[in-house]
Amino acid sequence: KQEVTQIPAALSVPEGENLVLNCSFTDSAIYNLQWFRQDPGKGLTSLLLIQSSQREQTSGRLNASLDKSSGRSTLYIAASQPGDSATYLCAVPGANNLFFGTGTRLTVIP
Amino acid sequence: EPEVTQTPSHQVTQMGQEVILRCVPISNHLYFYWYRQILGQKVEFLVSFYNNEISEKSEIFDDQFSVERPDGSNFTLKIRSTKLEDSAMYFCASAETGALTNTEAFFGQGTRLTVV
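Just so you know, the sequences run in chain order U and F.
Each residue of the first sequence is one higher than the one before, starting from 1 at the first, in the working numbering.
Each residue of the second sequence is one higher than the one before, starting from 1001 at the first, in the working numbering.
Derived from the structure by calculation, the hints contain no laboratory data.
Just so we're clear, the structure is a prediction, and the values are computed from it rather than from any experiment.
Every residue, glycine too, gets a C-beta built ideally from N, C-alpha and C.
Among the hints, a few may not be true.
Derived, one-sided and incomplete: chain F residues facing chain U with beta-carbon distance under 7 Å [claimed, not checked]: (1) 1011; (2) 1042; (3) 1104.
A short list of chain F residues far from chain U (calculated; beta carbon distances all over 12 Å) [to be verified]: (4) 1014; (5) 1016; (6) 1019; (7) 1020; (8) 1065; (9) 1066; (10) 1073; (11) 1078; (12) 1080; (13) 1083; (14) 1086; (15) 1089; (16) 1105; (17) 1116.
Calculated lysine-lysine pairs in the BS3-like style (CA-CA distance at most 25 Å, straight line) [claimed, not checked]: (18) F:1057 to U:1; (19) F:1057 to F:1078; (20) U:68 to F:1083; (21) U:1 to F:1042; (22) F:1083 to F:1042; (23) F:1042 to F:1057; (24) F:1057 to F:1083; (25) F:1078 to F:1042; (26) U:68 to U:1; (27) F:1078 to U:68; (28) U:42 to F:1078; (29) F:1042 to U:42.
Looking at chain U on its own, in the form it has when it is part of the complex (with noise of 0.2 Å):
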């Protein structure tokens, strides 16, 4: 069964700090990997599919990198804002569901 992690569970940055978020899965034959942002109490926003065939994809001040063979995705956050606080999630397809991380909560210090 696809196990997926997330480190680190929280971390808190001051405003305009670069940052990575990482993301490792056991079962490395994917197909993509879907980032999502979650804010407390609300539901799951889709930020970035990156297929298989892709080693990154970018959307505005996110860059997500995507290492099959190593098991590894990492979000990239440019030049953090406070609006970016949020839980960050990663999830990889199975066959008819997705596998999701625990996530890891950001803090942008104003």
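Could you slot chain F onto chain U? The hints should help.
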């Protein structure tokens, strides 16, 4: 932009009561899912649904749970006799194609279920 809509946003129910959580998936999507997130824990898969039948379910999805697509737009999750441990945020998701191998899943804002 199309979105997945869930109602209600918050439901409080007494233990033993039946609840129905409602979802309106994105209109051209064919694959539908329910997930739940107990406070402070991972998002967990419950069930996937395609072509009017369940395609996969987890061990959480026992006989107390059922899903239905009663018409062309709604997708519901019913819990027959709620327990305290059913308290969680329930998310509905939809996708254009199946297997999630090359498509993005879109999630609703969730229904927070509190069983008292």
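Each hint tested on the structure:
1. 1011: Not OK, violated: residue 1011 of chain F not within 7 Å of chain U, min 14 Å.
2. 1042: It holds, given that the least Cβ distance between residue 1042 of chain F and chain U is near 5 Å, below 7 Å.
3. 1104: holds, 5 Å
4. 1014: holds, 22 Å
5. 1016: holds, 26 Å
6. 1019: Non-interface label stands for residue 1019 of chain F: nearest chain U Cβ at 19 Å, farther than 12 Å.
7. 1020: holds, 19 Å
8. 1065: holds, 15 Å
9. 1066: holds, 17 Å
10. 1073: Given that every Cβ of chain U is farther than 12 Å from that of residue 1073 of chain F, nearest at about 19 Å, it holds.
11. 1078: Holds, because the least Cβ-Cβ distance between residue 1078 of chain F and chain U comes to about 20 Å, which exceeds 12 Å.
12. 1080: holds, 23 Å
13. 1083: Non-interface label stands for residue 1083 of chain F: nearest chain U Cβ at 22 Å, farther than 12 Å.
14. 1086: Since the minimum Cβ distance to chain U is about 18 Å, residue 1086 of chain F lies beyond 12 Å and the statement holds.
15. 1089: Not fine: 8 Å to the nearest Cβ puts residue 1089 of chain F too close to chain U.
16. 1105: Given a closest Cβ separation of 6 Å, the condition is violated.
17. 1116: holds, 18 Å
18. F:1057 to U:1: holds, 14 Å
19. F:1057 to F:1078: Holds, at roughly 14 Å.
20. U:68 to F:1083: violated, 40 Å
21. U:1 to F:1042: Answer holds: residue 1 of chain U to residue 1042 of chain F is near 15 Å, not above 25 Å.
22. F:1083 to F:1042: Answer holds: residue 1083 of chain F to residue 1042 of chain F is near 19 Å, not above 25 Å.
23. F:1042 to F:1057: At roughly 17 Å apart (the allowed maximum being 25 Å), residue 1057 of chain F and residue 1042 of chain F satisfy the hint.
24. F:1057 to F:1083: holds, 19 Å
25. F:1078 to F:1042: holds, 21 Å
26. U:68 to U:1: Holds: residue 68 of chain U and residue 1 of chain U sit about 16 Å apart, inside 25 Å.
27. F:1078 to U:68: With Cα atoms ~38 Å apart, residue 1078 of chain F and residue 68 of chain U exceed 25 Å; violated.
28. U:42 to F:1078: holds, 21 Å
29. F:1042 to U:42: Holds - the C-alpha atoms of residue 42 of chain U and residue 1042 of chain F are around 14 Å apart, at most 25 Å.
Comparing the model with each earlier hint shows violations of hints 1, 15, 16, 20 and 27; every other hint is respected.
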